[in-house]
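Trainee: Residue numbers (the working numbering): 66 to 203.
Heads up, some of the hints might be wrong.
Computed list of lysine-lysine pairs in DSBU-like fashion (alpha-carbon distance at most 30 Å, straight line) [stated by the list, open to error]: (1) Lys161 to Lys87; (2) Lys193 to Lys87; (3) Lys161 to Lys116; (4) Lys193 to Lys161; (5) Lys197 to Lys87; (6) Lys161 to Lys197; (7) Lys116 to Lys197; (8) Lys116 to Lys87.
Since the hints were derived computationally from the structure, they do not count as laboratory data.
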Amino acid sequence: MTANTRHQQSSRLLDFVRQFNKHIYNPIMLRFVRFIPIYAVIEHVGRRSGKQYRTPVLVGRVADGFYIPLPYGDHVDWHRNVQAASGFTLTWRGRKYAMRYGRMVDEVEAITHMPRLAHRGLRRAHVKSYIKVFDASA
66 MTANTRHQQS SRLLDFVRQF NKHIYNPIML RFVRFIPIYA VIEHVGRRSG KQYRTPVLVG
126 RVADGFYIPL PYGDHVDWHR NVQAASGFTL TWRGRKYAMR YGRMVDEVEA ITHMPRLAHR
186 GLRRAHVKSY IKVFDASA
């Protein structure tokens with residue numbers, strides 16, 4: 066098996082997992098996320114459709130905002146929607162926060178701010194990209 070073939074298989078598997086999460090796992094998680102304190106819900110608007118979306122995400126809270134891992138990279142719809150918008154809402158532990166997009170950060174900066182419970186999973190999944198988002202009021 067060539068390196069190119071392995072990459073194609075890996076890419077197809079990642080696409081399958083991403084689609085499974087988007088259409089099956091995320092709708093289920095939205096029902097329970099308020100009971101899981103390491104998760105939040107991002108409410109964002111589609112760049113082209115204008116449709117409202119809710120996406121569960123893992124978060125690490127810091128004084129001026131949150132760190133959010135991008136396990137599938139920065140090309141996923143919710144990330145592009147948030148990046149294109151002037152602002153969005155993040156609900157965490159029952160509280161709504163008005164947020165603004167910040168910047169891409171690497172694992173070295175973000176991992177220490179992520180919940181300890183998530184460290185092993187993030188490392189095993191080889192998550193290297195994160196975003197830092199800021200409280201809009203800050």
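Trainee: Next step is simple, just say for each hint if it's right about the structure.
Mentor: Hint check results:
1. For the proposed pair Lys161 and Lys87, the alpha carbon gap of about 22 Å is at most 30 Å, so the pair holds.
2. For the proposed pair Lys193 and Lys87, the alpha carbon gap of about 20 Å is at most 30 Å, so the pair holds.
3. Taking the CA atoms of Lys161 and Lys116, the gap is near 20 Å; set against the 30 Å cutoff, the hint holds.
4. A C-alpha spacing of about 27 Å is found between Lys193 and Lys161, which places the hinted pair at or below 30 Å, so the restraint holds.
5. The suggested pairing of Lys197 with Lys87 holds, with an alpha-carbon distance near 22 Å, which does not exceed 30 Å.
6. At most 30 Å may separate the alpha-carbon atoms for a hinted pair to count; Lys161 and Lys197 meet this at roughly 17 Å.
7. Taking the CA atoms of Lys116 and Lys197, the gap is about 24 Å. The hint holds against a cut of 30 Å.
8. Distance restraint check for Lys116 and Lys87: the Cα-Cα separation of roughly 15 Å lies within the 30 Å cut-off, and the hinted pair is therefore satisfied.
Violated hints: none; the structure is consistent with every hint.
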